[in-house]
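Just so you know, the sequences run in chain order L and Y.
-1 is the number of the first residue of the first sequence in our numbering; add one for each residue after it.
11 is the number of the first residue of the second sequence in our numbering; add one for each residue after it.
Everything labelled a hint here was simulated from the structure, so no lab data went into it.
Source: prediction; values computed, not measured.
Take the hints with a grain of salt, since some may be wrong.
Below, simulated DSS-like cross-link-like pairs (lysine-lysine); rule was C-alpha separation at most 25 Å, straight line [claimed, not checked]:
| # | chain 1 | residue 1 | chain 2 | residue 2 |
| --- | --- | --- | --- | --- |
| 1 | L | Lys58 | Y | Lys299 |
| 2 | L | Lys94 | Y | Lys274 |
| 3 | L | Lys65 | Y | Lys274 |
| 4 | Y | Lys123 | Y | Lys236 |
| 5 | L | Lys58 | L | Lys135 |
| 6 | L | Lys94 | Y | Lys299 |
| 7 | L | Lys48 | L | Lys128 |
| 8 | Y | Lys35 | Y | Lys236 |
| 9 | L | Lys73 | L | Lys48 |
| 10 | Y | Lys34 | Y | Lys236 |
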Amino acid sequence: MNKQTRKKFLDTLLGGGLIAWLGAIIYPVSRYLVPPRTPDINPDSLDVGKVSDFQTNSAKIVRFGRKPAIVVRDKNDTFHALTAVCTHLDCTVQYKSDTEQIWCACHNGIYDLQGNNISGPPPRPLTQFKINFKNGKIFISRENMA
Amino acid sequence: MNNLMAWLEERFNISAATKFAAKKKVPVFYGTVWYYLGGVSLFLFIIQVFTGILLILYYRPGATTAFESVKFIITKVQFGWLIREIHSWSANLFIFFLFAHMFSVFFSKAYRKPRELTWYSGMFLLFMALGFGFSGYLLPWNELSYFATKVGTDIAGAVPGIGEFVLRLLRAGDDVSGATLSRFYGIHVAILPAIFTLILGLHLVMIQVQGMSVPPEQENLPAEKKKYMPFFPNFAMRDFLIWLIVLNVIALLAVFFPWDLGIKADPLSPAPAGIRPEWYFMFMFQTLKLIPAHVLFIEGELLGILAFAFGGIVWFLVPLLDRKAHQGKRSKFWTFFGIALIVYMIVLTIWGYLV
Ligand code: HEM
Ligand code: FES
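Using the sequences and the hints, build the whole thing.
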């Protein structure tokens, strides 16, 4: 074997070894940094309290699974339940009793009580929950589940 | 003293270093004042490391402990309020001086050959400083910082393809939670300081090796017209005096304009009005707000992000793009570009605070 090819062979071996060695560090570290997916804790239905807990024209924010949801009792005593996460940039919305709308304070996004985005930056409506009443209590659940 | 020097000399040949230091000189001309900005930034970083390490001793990351521990620091720990105030004020001044330093080297064309790498390393330092600010903002776990972080990370999530991945990587999950806080804490007190110190070291070594740059007009002057002052002690003493003044200003700010701790973050309470990022992100935040929800077929947010990414890359690559500077000439275009950028940043920042 001549010197040249031997040198080349050794260089390749060394270079390859170095790359493999780097890979053996970078791969596990980069996997480590990605958080594991935890299963969604999505309750089938959530007890949000008694009808009498809600005053006319008021709202309450509850935790549905991992995300906040907003339950509104409007002026006509009709109940509405929506996801409380603004579709714009994730802020938690609130009920404005004077205008009877859902308002996001972050960038002045406004939704109606059906969750439709009616003004401001939000690009999509809020998702509605299904509402059930049992023994004077209110339960909310995902639309598509019931 | 002489004995000590002789002892060291015998073992380490330190006269090489002291000879180098004695020869170090600083050009004297109308632009000499700008040379202090980098030094002030360095001083502020040292303050951050010092006060940051003190804060670590009492700070406890976690959704149920972070806010309480900062409250404990400012109400119970002796001089805890002072340490936190200095850390917060100096953080803000740090970013301010970094921007000032960056623009001063930009307008004096100091990025031109042979100092391209100094400019690139400086840009990395600025990005990391913004990372320090963004991650530190969340640590007190108050309402304002909680929602600002939600919004800030959500913006990163708007990038198609990698957005979701980046968002989960930053938040350590799908939502801003205690896990995000742990992650930001690790980034803030370990990852960034380690990398920052390394790059800062490179930045400083390159400056020592190459010496101070002067703008093109000065460089072209005949040798007898160029003036210098020795770095030791003349310039170093001036540096030191300015550091003392800066420290005093910080102490005054800390005492007379304390930062509020605010209300503890509660994921189940609605976002309060007046959610805003720290002032140095305001111009970007305000721009995103002004872009309509949809422009043609792309989402407004995305358009804004792409524009800023593009702008950032252009700014980063200015040593390559400004061909004139290499020939020792001032490019009118790039000077105008810099001025336009400053005006844009100032106008949008003020606008952001007005509405
Ligand atoms: C080695 C360096 C650093 C360490 C160890 C450190 C450590 C800490 C700790 C423990 C906190 C939480 C306590 C608190 O919120 O008051 C904090 C907060 C913070 N840090 Fe740092 N930090 C360092 C550097 C920096 C730098 C360079 C900046 C510059 C931009 C910065 C900006 C902030 C900000 C804005 C806060 C929030 C202050 C507040 O509202 O209380 N930190 N840091
Ligand atoms: S996050 Fe709700 S309007 Fe922007």
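Now the hints, each set against the structure:
1. For the hint linking Lys58 of chain L to Lys299 of chain Y, the alpha-carbon distance of about 28 Å lies beyond 25 Å, and the restraint is violated.
2. Taking the CA atoms of Lys94 of chain L and Lys274 of chain Y, the gap is about 23 Å. The hint holds against a cut of 25 Å.
3. Under the criterion of a C-alpha separation no larger than 25 Å, the hint pairing Lys65 of chain L with Lys274 of chain Y is consistent with the structure, at around 18 Å.
4. The straight-line distance between the Cα atoms of Lys123 of chain Y and Lys236 of chain Y is roughly 20 Å, inside the 25 Å bound, and the hint therefore holds.
5. Restraint check for Lys58 of chain L and Lys135 of chain L: the C-alpha separation of about 14 Å stays at or below 25 Å, so the hint holds.
6. Distance check on the hinted pair: Lys94 of chain L and Lys299 of chain Y sit about 22 Å apart at the alpha-carbon level, within 25 Å; holds.
7. For the suggested pair Lys48 of chain L and Lys128 of chain L, the alpha carbons sit about 16 Å apart, so the restraint of at most 25 Å is met.
8. Taking the CA atoms of Lys35 of chain Y and Lys236 of chain Y, the gap is near 12 Å; set against the 25 Å cutoff, the hint holds.
9. Between Lys73 of chain L and Lys48 of chain L the alpha-carbon distance is near 17 Å, which keeps this suggested pair within the 25 Å criterion.
10. Between Lys34 of chain Y and Lys236 of chain Y the CA atoms are separated by roughly 15 Å; this keeps the pair inside 25 Å, and the hint holds.
Violated hint: 1 only; the structure is consistent with all others.
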